[in-house]
Amino acid sequence: MSDLRDLYQEVILDHSKRPRNFHAIADATRKAEGYNPLCGDRETVYLVLEGDRVRDVAFQGAGCAISTASASMMTESVKGKTRAEAEALFARFHELITGKNGEAGSKASSKSDSPELGKLEVFSGVREYPVRVKCATLPWHTLKAALDSEGAPAVVSTESEGPNAESGGA
Amino acid sequence: MSATTTTSTSTVAPEPRAARTYDVDAIRRDFPILSTRVYGKPLVYLDNAASAQKPMAVIEAEQRVYESLYANIHRGVHYLSVHATDAYDAARETARAFLNAESAHEIIFVRGTTEAVNLVAQTYGRQNVGAGDEVLITALEHHSNIVPWQLLCEEKGARLAVAPIDDSGALELGAFEKMLSPKTRIVSVAHLSNALGTILPVRRIVELAHARGIPVFVDGAQAAPRMPVDVRALDVDFYAFSSHKIYGPTGVGVLYGKTALLEAMPPYQGGGDMIRSVTFEKTTFNDLPYKFEAGTPNIAGGIAFGAALDYVNRLGLTAIEAHEHDLLAYATAALSEIAGLTIVGTAREKAGVLSFVLEGVHPHDIGTVLDREGIAIRTGHHCAQPVMDRFGLPATARASFGLYNTRDEVDALVAGIHKVIGMFR
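Line by line, the protein sequences give chains A and B.
Going by the working numbering, the first residue of the first sequence is number 1, and it counts up by one from there.
Going by the working numbering, the first residue of the second sequence is number 1, and it counts up by one from there.
Hint data in this document are derived by calculation from the structure and do not stem from the laboratory.
Among these hints, one or two may not hold up.
Pulled a few chain B residues facing chain A out of the computed Cβ check, cut under 8 Å [claimed, not checked]:
#, residue
1, S181
2, R372
3, P386
4, M388
5, P394
6, M423
7, F424
A quick note: this is a predicted structure, and the numbers were derived from the prediction, not measured.
Glycine included, C-beta positions come from ideal geometry on N, C-alpha and C.
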């Protein structure tokens, strides 16, 4: 039970019960829908990009405690960040919850500006539950899809994908 | 194995009759995996609708094949091939008797129920379903009884018609009957819903369809382990089930078909064993059932599948059905007491499966918390997304019972659910 509390930390339970930025954005410049076919969960991420920067971000949908809390905390974490910063944060987050510390990809992203995870550290317990990794990454993949979606000004940055970004692992 | 001598230290108290005729403690000892501990807790395996555990008799049967009986079948004149063939054919006869089919050649060995549906769709279906025709299924089907027909309909320009279910998860028989049309070429229904536990009125469905000259395929994957099935009494045209859900190995299953239908159908796959003679100009196909069994089959698995049916027969499906009915009734009553819990699937005729949702808690979180209590349930859409859509749910939690489950395990489930509630509310 103590290990269950490692997964379901108070902060996570709080965000799952009272998700922040849980609404649609009428004038979103981009949006994407994420879908986990394993559990049927769907989440929509709304973005207002101002140049290269996330001016506003919100989400809607139904998911488990892990995916809802992850989406909620993600919106708080990436608001105000540049696209590159948001993607770097996802890469760090992915390393945290899969336990892989992206050493293999370090030559690709050799820059040393590893972003601070801050509150997102509470998701470290997910790594002990490999089948739940996809729950935690669903909102982030959706965010990335929204960032990558076309139709916005020519800001699209050069970057390559995060080292482990494509799959939720295990 | 361990022949425990009954040392009567004191006269054994008279047990209730049910307990004596159906000794679940003794049955549990036949299944080695049930003594597993999970995170330090005794395993409570309530995911039998996904796959059932295997008794020692099945494990040993498969091992015995490889130790002393193994060779390819239907081919060799040598000792081992003859004996392996005999054992494999014996399993076919066991399956025939299990379904009360008329002849063993009506028993086609396949990889499982999924392959059986595909086989019929790709042979009978391609031969008989044309542009503008219809295939009629129900709204509670497993994906494996939807997608093969969808593929067929796309190929042929036919339409997949879906008979509705009501809010309890029961088939709306009146609507079903109305949907039987002159265009309907085949009806394909589950005998027992894997997501809701609904038992379909197969006998009645067959009567309605046959009155219009339409054959009926029945997906018996969930029913065969849980209730006696008599294909002649039901008068079904096709019936399929999987070994792994009836305590046998994976990768084996049965397609039953009436002789006349099977004989009129083209082969499914080409290869060895399904032919009588081959030249580059012309191939003559083998007799039933071999016409549908191309290639070397799962020999050891098939023989061990026979052992699984023997095991189930020894306990008796009527007794198993009664035991699981008791568990379902007990669990339904217990779960109904839990505030905020809703049972999904409340048809009057139910068996084996208890799907539920908990207000404010996603099924995945239920599953994770229960897992840490040693309780294995299924969470998700149960390969029946249209059923989930019908009830407006992304997913449910599902406990499903097997012949070895106990009321104590239901109690553990209830305690686990209270733990979930304590954590998330």
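Evaluated hints:
1. For S181(B), the interface hint is violated, since its Cβ never comes within 8 Å of a Cβ in chain A; the closest pair sits about 32 Å apart.
2. A least Cβ separation of about 5 Å between R372(B) and chain A falls short of the 8 Å threshold, and the interface hint therefore holds.
3. Hint status for P386(B) relative to chain A: violated, with the closest Cβ pair at about 12 Å, above 8 Å.
4. At about 6 Å, the closest approach between the beta carbon of M388(B) and any beta carbon in chain A falls short of 8 Å, and the interface hint on this residue holds.
5. Of the supplied interface hints, the one on P394(B) holds, with its beta-carbon coming within about 4 Å of a beta-carbon of chain A, less than 8 Å.
6. Annotation: interface hint on M423(B) holds; nearest CB of chain A at approximately 6 Å, less than 8 Å.
7. For F424(B), the suggested interface contact is upheld, since its CB lies about 7 Å from the closest CB of chain A, less than 8 Å.
Consistency with the previously given hints fails for numbers 1 and 3, ordered from lowest to highest.
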